[in-house]
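Quick note, the sequences are listed as chains A and B, same order. 1 is the number of the first residue of the first sequence in the working numbering; add one for each residue after it. 1001 is the number of the first residue of the second sequence in the working numbering; add one for each residue after it.
Honestly, I wouldn't trust all of these hints.
[Stated by the list, open to error] Estimated spans, in silico, between C-beta atoms of each pair:
{"no.": "1", "chain 1": "A", "residue 1": "Asp57", "chain 2": "B", "residue 2": "Phe1005", "range": "20 to 28 Å"}
{"no.": "2", "chain 1": "A", "residue 1": "Thr71", "chain 2": "B", "residue 2": "Ser1002", "range": "38 to 46 Å"}
{"no.": "3", "chain 1": "A", "residue 1": "Met1", "chain 2": "B", "residue 2": "Pro1096", "range": "16 to 24 Å"}
{"no.": "4", "chain 1": "B", "residue 1": "Gln1115", "chain 2": "A", "residue 2": "Asp57", "range": "49 to 57 Å"}
{"no.": "5", "chain 1": "B", "residue 1": "Arg1032", "chain 2": "A", "residue 2": "Met1", "range": "28 to 36 Å"}
{"no.": "6", "chain 1": "B", "residue 1": "Pro1096", "chain 2": "A", "residue 2": "Leu16", "range": "19 to 27 Å"}
{"no.": "7", "chain 1": "B", "residue 1": "Ala1108", "chain 2": "A", "residue 2": "Leu24", "range": "22 to 30 Å"}
Keep in mind that the hints were calculated from the coordinates and are not lab data. This structure is a prediction, so every number in the text was calculated from the model and none was measured. C-beta atoms are modelled at their ideal positions from N, C-alpha and C, and glycine is treated no differently.
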Amino acid sequence: MTMFAITMLAILITMLLALSRAALGPTVYDRILALNMFGTKTILLICVAGFLYGRPDWLDIALVYGLVNFTGTIAVCKYVRYGNLAGDEQRHNR
Amino acid sequence: MSTVFEICDYASWFCLMAGGLFCIIGGIGLLRLPDFYCRTHGATITDTLGAGLILLGLLFQSVHYLFDAQGNWQTDAWLIPVKLLFVGAFILCTSPTSGHALVKAAHADGVSWVQEGDDAVSE
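Generate the whole structure from the sequences, applying the supplied hints.
Right, dumping it as structure tokens:
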């Protein structure tokens, strides 16, 4: 079980680094990139935690997190680019 | 059967440690690289090598659920490696897509990049 604990520690360190980039990031795209990576690390963390606690059913939760993470990234990209989520007229605001 | 378990444990140790290492390397790259486009490289390296190796390590671990100590096949455990493969395939599909959309949005918005001769100190 030690290997799962060490892997979870490594993933948590990576999440901390991503969070600090999301806090520092000069542009909004740096923050989105860091949050996207944070979401991927969340998926991995749930997978490893499920094996650590001997309950691999948690992989279902990881799958749902993956879906939500991808949709969220694309939605935030579109929102930042066009200013709304409904249409696609070019209203530029950063 | 215990030999198979041992071999899978060693392979799993290697894959999980290498995956964790690649995750931390990608995190450091995300924090330290000079501009947004370089940081994309740092962030996406964790989605391929980091996530791939960690999921491969977990795939080796799922042998413990597939067989009991006598080597009998556990009939309802086949979903565990299948779900792991689904998670891996999903990450492999969505990570390049969202990275591409992000970089294209940033480029269309005019995010600048580090030129030669710039002071490439991370902000």
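Evaluation of the provided hints:
no.	hint	in the structure
1	A:Asp57 <-> B:Phe1005: 20 to 28 Å	holds, 22 Å
2	A:Thr71 <-> B:Ser1002: 38 to 46 Å	holds, 44 Å
3	A:Met1 <-> B:Pro1096: 16 to 24 Å	violated, 33 Å
4	B:Gln1115 <-> A:Asp57: 49 to 57 Å	holds, 51 Å
5	B:Arg1032 <-> A:Met1: 28 to 36 Å	holds, 33 Å
6	B:Pro1096 <-> A:Leu16: 19 to 27 Å	holds, 25 Å
7	B:Ala1108 <-> A:Leu24: 22 to 30 Å	holds, 23 Å
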